[in-house]
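A.B. asks: Listed below, chain by chain, are the residues.
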Amino acid sequence: MRPIGLPPQILRLVLLTIGIVVIYLVARYFLTPSSFGEFGWYRANALGDLASLQPTYAGKKACDECHSEEYQKVSKAEHRTLSCEACHGPGQAHADNPDINKMTVLTYSHCVRCHEANPSRPKWHKQINTKTHYGQKCTECHVAHQPSEAP
Amino acid sequence: MKDHFTRRNALGKIGAAVAGLVTAVAVRAGKAAVQKLFVSSGAPKGYDPTKHKWVMGIDINKCIGCGLCVEACKKENHVPEGPSYFRTWIERYIITKPKPGLAVARGEVLVDSPEGGLHGFPEPPVPADQIQHSFFVPKLCNLCQHSPCAQVCPVGATFDAPDGAVLVDPKYCIGCGFCIQACPYGCRFLNPLTKTAEKCTLCYHRITRGLKPACVEVCPTEARIFGDLKNPVENDPLQRFYENNRVQVLKPHLGTEPRLLYAGMDKEVS
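Listed in order, the protein sequences are those of chains A and B.
Under our numbering, the first residue of the first sequence carries the number 313, and numbering increases by one thereafter.
Under our numbering, the first residue of the second sequence carries the number 80, and numbering increases by one thereafter.
These aren't lab readings, by the way, just hints derived from the structure by calculation.
Given the structure is predicted, the values throughout are model-derived calculations rather than measurements.
Treat each hint with caution, since some may be false.
What the hints assert, rightly or not - Here are the simulated EDC-like pairs of lysine to aspartate or glutamate, each with C-alpha atoms no more than 20 Å apart in a straight line: (1) B:LYS154 <-> A:ASP408; (2) B:LYS132 <-> A:GLU350; (3) A:LYS443 <-> B:ASP307; (4) B:LYS130 <-> A:GLU461; (5) A:LYS449 <-> A:GLU461; (6) A:LYS388 <-> B:GLU301; (7) B:LYS250 <-> A:ASP408; (8) A:LYS372 <-> B:GLU301; (9) A:LYS373 <-> B:ASP307; (10) A:LYS385 <-> B:GLU301.
Assemble the whole structure, with the sequences as input and the hints as a guide.
C.D. replies: Next comes the structure, spelled out in structure tokens:
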């Protein structure tokens with residue numbers, strides 16, 4: 313019985329090879345995600361997966377929706393380059409549910425984080441030495457939103 | 080021999096066609112089910128990655144080393160606690176005055192980054208009068224055009240997205256760590272919880288929603304500049320950054336062609 317005129321051991325090898333290739337092609341068809349190769353040698357839907365995460369910081373515009381008065385004050389004063397969330401902490405939870413999730417209230421540590429004197433800080437940046445500068449009573453003389461104004 | 084048109088023949092052909100259709104549908108459904116088992120799909124909605132080119136710039140002269148960016152990055156991206164898990168961090172460079180008598184321009188170069196600068200920086204380790212100059216350098220993914228990390232990934236989990244971000248597919252990453260070794264800027268780490276490689280994504284979930292990356296959002300001095308080269312806005316901070324500064328990249332000799340540009344960088348920074 314030699315259907316194609318090949319020796320049986322060779323025929324078996326050929327059939328085995330074809331079988332392996334078929335199994336590989338079937339597996340590849342089922343296991344390759346449909347978006348693989350859309351932009352390159354990767355799963356393009358990974359972009360969507362990463363984009364679907366939820367932000368923690370809401371962004372300055374979200375603050376403006378309710379606190380536009382404060383927002384306007386800050387954007388005219390020296391601290392205009394600061395985002396609200398730089399000092400008050402992440403605000404997405406507060407923006408979603410303002411009654412339950414409150415923002416951080418400023419304390420002394422928020423001021424010195426940027427304004428404590430350090431020789432590595434650029435010279436243009438206003439710095440104080442907390443040991444010689446009246447201690448931890450920043451807000452008695454400075455307004456956080458308008459630093460140059462007296463309270 | 081030619082087939083005659085008989086009832087048996089016609090029914091047989093219709094049956095075969097229906098069976099073929101059912102098989103095709105079943106195969107497609109099977110494929111979808113298999114893929115759902117391994118990877119869920121969540122294609123971007125209303126965001127076309129080919130229509131953006133995100134770029135970041137860093138002005139070293141403006142960085143005050145407050146560490147707000149590091150803190151914001153950790154909170155925004157749920158980066159694990161720990162001394163070596165950072166998507167962005169700040170390095171402090173201190174260049175001391177040369178010892179008297181030595182004909183050199185500069186003394187020692189001291190670099191430190193306590194907890195990545197997360198809680199700011201303590202007093203420098205040398206007295207202030209011995210410091211020739213000192214500055215802070217924020218570090219993050221350098222957004223290479225020829226990314227070594229994407230080149231070495233054996234499973235196609237790390238890739239250069241068409242919009243300029245270099246991303247990791249957490250469902251494909253096998254945690255082999257090749258990319259961590261390949262990155263010449265040390266911008267990657269293995270997440271101890273998920274056991275996958277992690278890195279700066281330019282806050283991909285934020286930029287696709289029209290927000291700025293968290294580090295750019297909170298930077299109090301606008302030392303971090305972020306923008307879209309394909310969609311310049313009016314009075315674009317990125318364009319102003321290019322116009323007003325002489326910029327350079329980290330380790331240009333490696334040919335990675337980073338798109339993260341630094342202004343005011345010193346030769347000691349690497």
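A.B. asks: Provide an ascending list of the numbers of those earlier hints which the structure does not satisfy.
C.D. replies: 3, 4, 7
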